[in-house]
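**Student:** My request is simple: use the sequences and hints to build the entire structure.
As given, the protein sequences belong to chains D and G, one line each in that order.
According to our numbering, the first sequence holds residues 4 to 227 in order.
According to our numbering, the second sequence holds residues 40 to 678 in order.
Derived by calculation from the structure, the hints in this document are not laboratory data.
Cβ atoms here follow ideal geometry from the backbone N, Cα and C, with glycine treated the same way.
There may be inaccurate statements among the hints.
[Unchecked claim] Which residues of chain D face chain G? A partial, calculated answer using Cβ under 10 Å: (1) Gly19; (2) Gly39; (3) Phe191; (4) Tyr200.
[Claimed, not checked] Below 27 Å or equal to it, Euclidean Cα-Cα: the simulated DSS-like pairs (lysine-lysine) are: (5) Lys112/D / Lys211/G; (6) Lys121/D / Lys293/G; (7) Lys5/D / Lys15/D; (8) Lys121/D / Lys211/G; (9) Lys5/D / Lys211/G; (10) Lys112/D / Lys5/D; (11) Lys167/G / Lys188/G; (12) Lys188/G / Lys170/D; (13) Lys211/G / Lys15/D; (14) Lys170/D / Lys423/G; (15) Lys647/G / Lys423/G; (16) Lys264/G / Lys167/G; (17) Lys264/G / Lys211/G; (18) Lys211/G / Lys78/G; (19) Lys5/D / Lys170/D; (20) Lys43/D / Lys15/D; (21) Lys151/D / Lys423/G; (22) Lys121/D / Lys167/G; (23) Lys293/G / Lys108/D; (24) Lys151/D / Lys170/D; (25) Lys121/D / Lys264/G; (26) Lys5/D / Lys43/D; (27) Lys111/D / Lys264/G; (28) Lys5/D / Lys108/D; (29) Lys111/D / Lys211/G; (30) Lys167/G / Lys15/D; (31) Lys5/D / Lys151/D; (32) Lys121/D / Lys111/D; (33) Lys211/G / Lys43/D; (34) Lys167/G / Lys182/G; (35) Lys672/G / Lys573/G.
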Amino acid sequence: MKDEVLEILWTKLVEGGLDSIGSEEIILGEQGPANGRILKDLAEEGMISLEEDRVNLTDSGFEEARMTIRRHRLSERLFNDVFEVYHEEFESPACRFEHMLIRPKLEKKICELLGHPKTCPHNRPIPVGECCHRAEMRTDKAVVPMSKLRQGESGVIAYVHTGDSDKLKKLMAMGILPGEDVSLERRFPSFVFRVGYSRFAVDEGMAAAIFVRRPAENPTEETL
Amino acid sequence: MVGNPNVGKSALFNRLTGSYAVVSNYPGTTVAITTGRMKIAGKDYSVVDTPGMYSLYPITDEERVGRRMLLDGGYEVVLHVVDAKNLTRMIHLTMQLKEAGIPVILVLNIMDEAEETGLVIDIETLEKRLGIPVVPTVGIAGKGVRRLKEVIENYRPDSRNFHVDFSLAVEKASREIAPLLPPTSLSSRALSLLALQEDRDVLELISRLPRDRADRIIGVIDALKRELDHPVNYDITMGLGRRAGQVLEGIIAKRERKTRFTRDFLDRILISPWTGVPILLLVLYFGFYKFVGGFGAGVVVDFLEGHIFGKYLIPFINHWTEQLIPWPILQNLIAEDYGVLTLGVRYAVAIILPIVGTFFIVFSVVEDSGYLPRLSLLIDRVFKWVGLSGRAVIPMTLGFGCGTMATVVTRTLESTRERVIATILLALAIPCSAQLGVIFALAANSPGVLVTWIGTVSAVFLFIGYLTARIIPGRQPDFFMELPPLRMPRLANVWLKTSSRMRWYFVEILPLFLLASVLIWAGNVTGIFPILLKLLAVPTRAIGLPNEAAQAFLFGFFRRDYGVAGLYDIQQRGLLTGNQLAVATITLTLFLPCIAQFLVMMKERGLKMALGVAVFVFPFAFLVGGSVNFMLKVLGLTL
Ligand SMILES: [Zn+2]
Ligand SMILES: [Zn+2]
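**Tutor:** Okay, here's the thing in structure tokens:
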């Protein structure tokens with residue numbers, strides 16, 4: 004199957020970090036002859052480059068493989084988390100299911116349902132979708148700049164925003180990232196707060212760039 | 040070795056190489072790159088410690104230095120040293136290094152504190168997921184160092200790549216430009232990501248490419264910027280964060296954290312202004328006034344200068360010079376009032392060294408305890424007023440030790456504007472420890488003088504700082520700083536730091552003292568000095584000081600502390616009243632920086648700036664001195 008070949012190519016080339024692989028690695032076993040034909044098809048579609056039997060992904064192939072992997076691992080997550088069955092046991096229905104995810108709307112819904120998961124049950128990374136991206140950047144009413152938090156209050160960093168990207172870079176370089184727990188210890192003479200196991204001191208300008216979601220006022224945030 | 044500040048890199052470096060480097064727990068003190076030798080199983084290695092680095096994408100000049108070294112290559116393996124309890128945060132750089140195809144070993148340092156915090160890290164799984172060796176260590180105690188050496192010895196680079204997935208827009212842009220970029224020791228993937236973040240060094244590499252290729256790359260970068268409604272950096276950091284979450288999934292277990300009441304309490308009172316300011320004053324009083332001023336400049340100087348030099352060495356040197364050298368001119372070069380041995384060496388060894396030495400002891404203790412970052416946050420608002428951020432506490436405090444060293448350390452400040460302001464203030468209103476020590480000793484019996492001196496110099500500091508901050512264009516600096524936990528200073532570390540700083544001082548400064556006394560000798564012999572003294576005597580008298588003080592000012596030209604020491608001589612002879620002493624110390628403090636500081640200013644900020652400062656400072660010092668004299672007279676005060 005075309006998808007399987009693309010998935011193999013993604014895991015070997017992109018995640019495995021090889022520059023190219025020999026076509027013989029794909030034309031193996033039972034599926035060998037069929038895979039050989041698929042390789043030719045993919046080359047014709049401009050998804051892969053075939054030079055002296057070395058296979059590599061083209062740009063459009065890269066994109067296609069990335070989405071294929073995303074759908075595959077998302078469906079694995081779905082089966083594992085929601086239906087509580089291991090993907091391997093239902094390899095073929097899952098495969099069929101993956102194809103349904105080609106509809107972007109469904110893919111997005113599933114991803115949201117699962118809370119924009121980062122990994123599949125085998126702990127392999129799920130390529131990011133647009134929905135995950137937007138979710139990370141989303142703002143809501145419970146989010147306030149840290150400079151408005153009361154002393155002793157805590158929450159989760161929702162996002163870091165500031166007009167100048169210099170401040171942003173500094174905060175990010177220190178590891179002050181969305182999703183991290185944060186608690187404000189002190190507002191004066193400088194803002195002192197804890198993120199993870201580290202403590203930081205910043206001035207008011209920097210504190211105003213860190214937006215924090217207060218936990219109590221925001222019980223459910225994800226909407227389906 | 041690369042890694043964040045505060046991860047105990049220098050301590051580990053010392054353990055690996057057995058040689059010394061200044062060990063620091065304050066961000067940014069490791070300005071210079073330190074190189075040491077290490078031997079494993081008969082094979083020689085050269086270990087290079089880089090300045091603190093948060094990510095592959097540099098923000099400060101210091102980080103840029105480290106990154107440039109990574110770009111240049113020429114290393115067998117890179118040790119990424121992290122603070123084990125902050126692995127979640129620091130693993131970003133590990134992944135970036137791995138993705139860049141750099142041979143890397145992850146060193147989980149300060150493991151003892153992580154364990155104390157209740158963290159348990161599954162190292163084997165971490166190794167498997169990252170595809171690199173991971174070694175836990177406690178650098179300060181030397182734990183895990185042997186194992187680390189074994190791992191370095193048996194290190195085989197792993198050719199598999201490590202892929203971090205970013206947003207589709209970034210991925211596409213990265214793939215488009217990667218093949219167009221020039222080869223470096225970083226993978227083209229990593230280089231392309233840096234290019235997309237418009238990294239200065241990588242853009243420069245690109246600008247050296249053939250025109251059409253460079254234009255294509257810039258085109259892609261611009262298109263990406265238009266496509267995203269946030270900085271590219273954001274996507275990259277988010278991608279790294281996600282990947283970190285995946286790599287660390289299930290690896291870190293946490294047990295209950297032991298609360299440490301005393302440390303938390305101490306921490307609280309240090310950073311609250313109500314208790315913090317009194318504590319600062321106590322530190323200044325006991326650490327600097329009592330220990331440096333009283334013990335260093337008093338007891339030790341009295342012993343060395345009055346006893347050893349005054350009673351034994353000087354008469355001995357004078358006697359033998361007269362016996363051995365028949366020509367008075369050469370006698371004066373070596374001995375007598377301004378000789379290399381009797382003036383240069385005496386000042387350097389008997390007066391300056393004890394003072395600087397005691398200062399460095401106090402500074403090392405303060406630095407090791409983690410007090411400086413807390414002082415930074417306490418004082419940030421005041422410093423903002425003079426155009427600096429709390430970060431400038433380190434060069435400013437160091438300036439009380441040695442202005443020359445402090446001017447070099449202004450490099451750790453973020454913007455050129457901040458560096459310029461700090462340099463000016465260091466040259467003008469921050470007396471170095473040698474000056475301070477002698478001033479404390481001079482004013483020991485007249486608190487009025489001390490108060491006048493402190494008040495005037497602080498006012499000048501604030502006033503000039505305020506003015507320069509308004510005049511020099513640019514925006515106010517940001518203040519951001521990690522607060523390392525308070526630590527009990529270790530005697531061995533304090534000793535290591537103090538001795539290496541004193542060695543630095545001795546090696547750098549002693550030759551300057553000798554040079555200065557040769558210049559003074561030459562000035563006397565050629566008759567230039569008497570003329571200059573006459574000229575200087577005019578403003579000196581104008582501000583109500585005796586002619587002899589002109590000599591102190593002239594000597595101060597060569598070494599600021601030389602001048603104060605000269606003043607000390609004058610006062611010992613009973614030539615100064617209280618008022619005159621106050622005016623003289625103020626004028627001398629504000630007066631030109633010493634030759635060494637002037638040269639460093641030239642090197643760091645350029646000739647124009649150094650000359651500009653000199654031209655401003657000269658009349659300004661006398662103006663302030665004169666005003667103080669006038670005010671004291673008008674108010675009818677005698678100190
Ligand atoms: Zn999977
Ligand atoms: Zn999503």
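**Student:** If a hint holds in the structure, say so; if it doesn't, say that too.
**Tutor:** Comparing the hints with the structure gives:
1. Gly19: holds, 6 Å
2. Gly39: Violated, about 26 Å.
3. Phe191: holds, 7 Å
4. Tyr200: Holds, about 4 Å.
5. Lys112/D / Lys211/G: holds, 24 Å
6. Lys121/D / Lys293/G: It holds: about 22 Å lies between the C-alpha atoms, which stays within 27 Å.
7. Lys5/D / Lys15/D: Between Lys5/D and Lys15/D the Cα gap is close to 16 Å, so the pair holds against 27 Å.
8. Lys121/D / Lys211/G: holds, 20 Å
9. Lys5/D / Lys211/G: holds, 22 Å
10. Lys112/D / Lys5/D: holds, 25 Å
11. Lys167/G / Lys188/G: Answer holds: Lys167/G to Lys188/G is near 20 Å, not above 27 Å.
12. Lys188/G / Lys170/D: violated, 39 Å
13. Lys211/G / Lys15/D: This hinted pair holds, its Cα atoms lying about 19 Å apart.
14. Lys170/D / Lys423/G: Judged against 27 Å, a Cα distance of about 17 Å means the pair holds.
15. Lys647/G / Lys423/G: holds, 26 Å
16. Lys264/G / Lys167/G: Outside the cut-off at roughly 36 Å; violated.
17. Lys264/G / Lys211/G: Holds, at roughly 13 Å.
18. Lys211/G / Lys78/G: violated, 45 Å
19. Lys5/D / Lys170/D: Not satisfied, since the Cα-Cα distance of roughly 46 Å exceeds 27 Å.
20. Lys43/D / Lys15/D: holds, 19 Å
21. Lys151/D / Lys423/G: OK: Lys151/D and Lys423/G at ~21 Å, within 27 Å.
22. Lys121/D / Lys167/G: Within the cut-off at roughly 19 Å; holds.
23. Lys293/G / Lys108/D: violated, 39 Å
24. Lys151/D / Lys170/D: holds, 18 Å
25. Lys121/D / Lys264/G: holds, 25 Å
26. Lys5/D / Lys43/D: Roughly 11 Å separates the two Cα atoms, so the pair holds.
27. Lys111/D / Lys264/G: holds, 25 Å
28. Lys5/D / Lys108/D: Holds, at about 22 Å.
29. Lys111/D / Lys211/G: holds, 21 Å
30. Lys167/G / Lys15/D: holds, 17 Å
31. Lys5/D / Lys151/D: Not satisfied, since the Cα-Cα distance of roughly 54 Å exceeds 27 Å.
32. Lys121/D / Lys111/D: holds, 14 Å
33. Lys211/G / Lys43/D: holds, 24 Å
34. Lys167/G / Lys182/G: holds, 23 Å
35. Lys672/G / Lys573/G: holds, 25 Å
The structure does not agree with the numbered hints 2, 12, 16, 18, 19, 23, 31 stated previously, though it agrees with the rest.
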